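So the sequence lines, in the order shown, correspond to chains F and P. Sequence positions in the first sequence follow the working numbering and run 996 to 1162. Sequence positions in the second sequence follow the working numbering and run 996 to 1162.
No lab work stands behind these hints, which were simulated from the structure alone. The structure presented is a predicted model; accordingly, all values stated were derived computationally and were not measured. By construction, the Cβ of each residue, glycine as well, lies at the ideal position given by its N, Cα and C atoms. Please note: incorrect hints may appear among the correct ones.
[Said to hold, decoys possible] Computed list of lysine-lysine pairs in DSSO-like fashion (alpha-carbon distance at most 27 angstroms, straight line):
1) F:K1093 <-> P:K997
2) F:K1021 <-> P:K1021
3) F:K1096 <-> P:K1021
[Stated by the list, open to error] Far from chain F by the CB rule (all over 10 angstroms, computed), these chain P residues:
4) E1009
5) R1026
6) D1028
Spelled out from the first residue to the last, the chains are:
Protein chains: 2
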Amino acid sequence: MKYFEDIRVGDTIEIGRHTFTADDIKGFARRFDPQLFHVEEEAGARSHFGALCASGWHTAAVWMRLMIDHRRRESEAARARGEPVAGMGPALGVRALKWLKPVYVGDTVVYRTEVLETRISESRPGRGLMTVRSTGVNQSGDLVISFISTTFVERRPRSPSPPLSFC
Amino acid sequence: MKYFEDIRVGDTIEIGRHTFTADDIKGFARRFDPQLFHVEEEAGARSHFGALCASGWHTAAVWMRLMIDHRRRESEAARARGEPVAGMGPALGVRALKWLKPVYVGDTVVYRTEVLETRISESRPGRGLMTVRSTGVNQSGDLVISFISTTFVERRPRSPSPPLSFC
Chain F
996 MKYFEDIRVG
1006 DTIEIGRHTF
1016 TADDIKGFAR
1026 RFDPQLFHVE
1036 EEAGARSHFG
1046 ALCASGWHTA
1056 AVWMRLMIDH
1066 RRRESEAARA
1076 RGEPVAGMGP
1086 ALGVRALKWL
1096 KPVYVGDTVV
1106 YRTEVLETRI
1116 SESRPGRGLM
1126 TVRSTGVNQS
1136 GDLVISFIST
1146 TFVERRPRSP
1156 SPPLSFC
Chain P
996 MKYFEDIRVG
1006 DTIEIGRHTF
1016 TADDIKGFAR
1026 RFDPQLFHVE
1036 EEAGARSHFG
1046 ALCASGWHTA
1056 AVWMRLMIDH
1066 RRRESEAARA
1076 RGEPVAGMGP
1086 ALGVRALKWL
1096 KPVYVGDTVV
1106 YRTEVLETRI
1116 SESRPGRGLM
1126 TVRSTGVNQS
1136 GDLVISFIST
1146 TFVERRPRSP
1156 SPPLSFC
């Protein structure tokens, strides 16, 4: 990951994309959200969603997975260039988490983050705080999920001060 | 579920409890949040958390499961009493989702919800909106997760108006 100092408000990245299969949707839902429209095609068709669709918590969990994969790719690329890798986390929490449209079988959701705010941490020296808006958009351009989260990011280590000279 | 009219601000319920095992924590994390402190004991011990701990999204997903189980128990009990069951959903989203303490192997989290606000829906006739704060507290009394969510709840069907009488 980039150091805090290298992150700019407005920076936008695509962290990855995921195509939701029926097995994928039902597998998550059987374990964590067994509402019938998340586990049975017929019940989905009869529901107000009109078809089997993913649990909102599933759509959010997929974001987390893609974010981890993205960070690992970034870290590996930095190491390959011989650059240091900044530490990140923990996350402080999430606000304004909205599920705006259902995610159906076969939908491909592209997840992006945009940096909304950066500020130096008052509580943790050596860390900054980065606030990002994360979104997921399906193949029709519909926003399906959106949320805002704030995470600690390591600051660039300061080079030692030059020796004081008295003249 | 209760009809909207039967829900009172301040109503608090325990929806269920869950003990997080190592397999449980690693199983979720391998699929959705493979940060090392969520998948390996040794990495957890070396991390700022001090031990293997659950992904925050896992702690949230367990809430969803317990909430569905709770609603089903409530609905079955109402049907057994010959009472009608109110429809619920969809959820509009979540705000102020905070992971306040790590959830470690062996922790038992008790999940509760408290009704913060009820109001009649302006957009959907026949529905009300219920806003609840959901919390998870571990066996030491520490709050580990907290969030606020708003969901549609069916209103009690009106009995037909008595015939107008002109005198």
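Distance rule for E1009 (chain P), whose beta carbon must clear each one in chain F by more than 10 angstroms: 19 angstroms, holds
Do the alpha carbons of K1021 (chain F) and K1021 (chain P) lie within 27 angstroms of each other, as the hint requires? Holds: K1021 (chain F) and K1021 (chain P) sit about 20 angstroms apart, inside 27 angstroms.
Against chain F, does R1026 (chain P) hold up as non-interface, every C-beta pair farther apart than 10 angstroms? 7 angstroms, violated
Are the Cα positions of K1096 (chain F) and K1021 (chain P) separated by 27 angstroms at most? Distance ~30 angstroms between K1096 (chain F) and K1021 (chain P) Cα, so the pair is violated.
For the pair we were handed, K1093 (chain F) and K997 (chain P), check the Cα-Cα distance against 27 angstroms. Holds - the C-alpha atoms of K997 (chain P) and K1093 (chain F) are around 25 angstroms apart, at most 27 angstroms.
In terms of Cβ atoms, is chain F entirely out of 10 angstroms range of D1028 (chain P)? The claim breaks: D1028 (chain P) does not keep its Cβ more than 10 angstroms from every Cβ of chain F (closest is about 5 angstroms).
Hint violations for this structure: numbers 3, 5, 6, all remaining hints satisfied.
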